[in-house]
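The hints should help you fit chain U onto chain Y, whose structure is shown.
The listed protein sequences derive, respectively, from chains Y and U.
Position one of the first sequence corresponds to residue 2 (the numbering used here), numbered consecutively onward.
Position one of the second sequence corresponds to residue 8 (the numbering used here), numbered consecutively onward.
Calculated directly from the structure, the hints in this document are not laboratory data.
One or more of the hints may lead you astray.
Looking from chain Y toward chain U, a few residues come up when the C-beta cut is under 10 angstroms (computed) [claimed, not checked]: (1) G29; (2) N32; (3) P33.
Note that beta-carbon positions come from the ideal geometry of N, C-alpha and C, so glycine has one too.
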Amino acid sequence: MLAVGEVVADHTYWITREHLVRYAGASGDFNPIHWNERVATSVGLPGVIAHGMLTMGLAARLLTDWLGDPAAVIEYGVRFARPVVVPDDDTGVAVRVAASVTEVRDDGVVALEITVRVDDQKVLTQARALCRPPAAPSAPPAS
Amino acid sequence: MPIDPSVVGRVYPAQLYEVSREKIREFAEAIGDTNPVYVDTEAAREYGHQDVVAPPTFAMIPVMDGVDILMDDLGIEFARVVHVDQRFTYAQPLRVGTRLETTTRLDGVRSVAGNDLLKILSEVRDAEGAGICVSLATLLVRPEDSGEGDA
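One chain only, chain Y, in its complex shape (with noise of 0.2 angstroms):
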C-alpha cells in the first residue's frame, strides 16, 4: 500500500547533444535554439538548451517505468521554470527526476509530486500526475 510521501521512483537522466538531435527529429520541434549555439545566445539564453517536452518526456519514463503500462498516467502536467542547458561535450547533463506520493484516492488513483532538478534548481515546476498505481501482487493474502 503506497503512503503519503513516499518516494516511488528515482532516477538521474542524462542528455547530451546527441539526445537534442534525437528529440528534433522525432518530434519534429526543430527550433535551432535546441541545436544551434549561435542561435541559442543570439536570443539570449545560456547556450543550447533541451526542449522542455524532452525533460517533460523523461520524467513521464520515471512514471512508466514504475507503473509498466504507460496507461496507468491519467494526469501530467509541468510548468517549464528554468532552462535546461545542455553542454557540447559527451557527458551532457544531469537531470534528476524523483516522483513521490502525495495523495490516495479511495478509488486508488494516486497523486503525484515529481522534482525534476538540474544540480540544485528545479527545472520543472508543479510538475503533477494522477496514476493508477501497479496492481498489488496477485498472490491472496497470507492472513
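Just chain U now, with coordinates in the frame of chain Y:
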C-alpha cells in the same frame, strides 16, 4: 503589438494524424524509453492493449499540428514562443493505427509585461469521436520587436 483579445474562443479545423508503429518506436527511442509496450505487441497485450501504445508525451505531436495552425492564423513566429506549461489528461492511450482528430481552441490571451500569454486547449479524439487526450498549454509570445530573451 499585443494580440487582440477578440481572437479568444477561435476554434481551428480538426487536424488529422495517424499513429504509426515506426513513429512510436522513434519517439520512444528519442526519449530513451525502453519499455517494451512501445515496440512489442505481446508486451502491450499483457497490459490489456490490442497492440503497441505510445509514450504519454507523444500526444504533443498531434497537438502541435493544431497549434501551428493557430500560430499561423495569429501571425506568430515560432522563434518568439516559449512553452510555459503543459498538461495532458488522458482518457485512453495513443494506440498504433489510431486516426486522430485534434481540434484546437484559443482559450485565453493575457498580456504580461509586454508579452502575450496564450492558453490553448486541444482535444485529441479518434475517428469515431471518442476522447483520447486533452491538452492544456500556456505559451508565452514575446513581442515582435524584442527578439531578445532573458530565459
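Hint check results:
{"no.": "1", "hint": "G29", "result": "7 angstroms, holds"}
{"no.": "2", "hint": "N32", "result": "6 angstroms, holds"}
{"no.": "3", "hint": "P33", "result": "8 angstroms, holds"}
Comparing the model with each numbered hint stated earlier shows that all of them hold.
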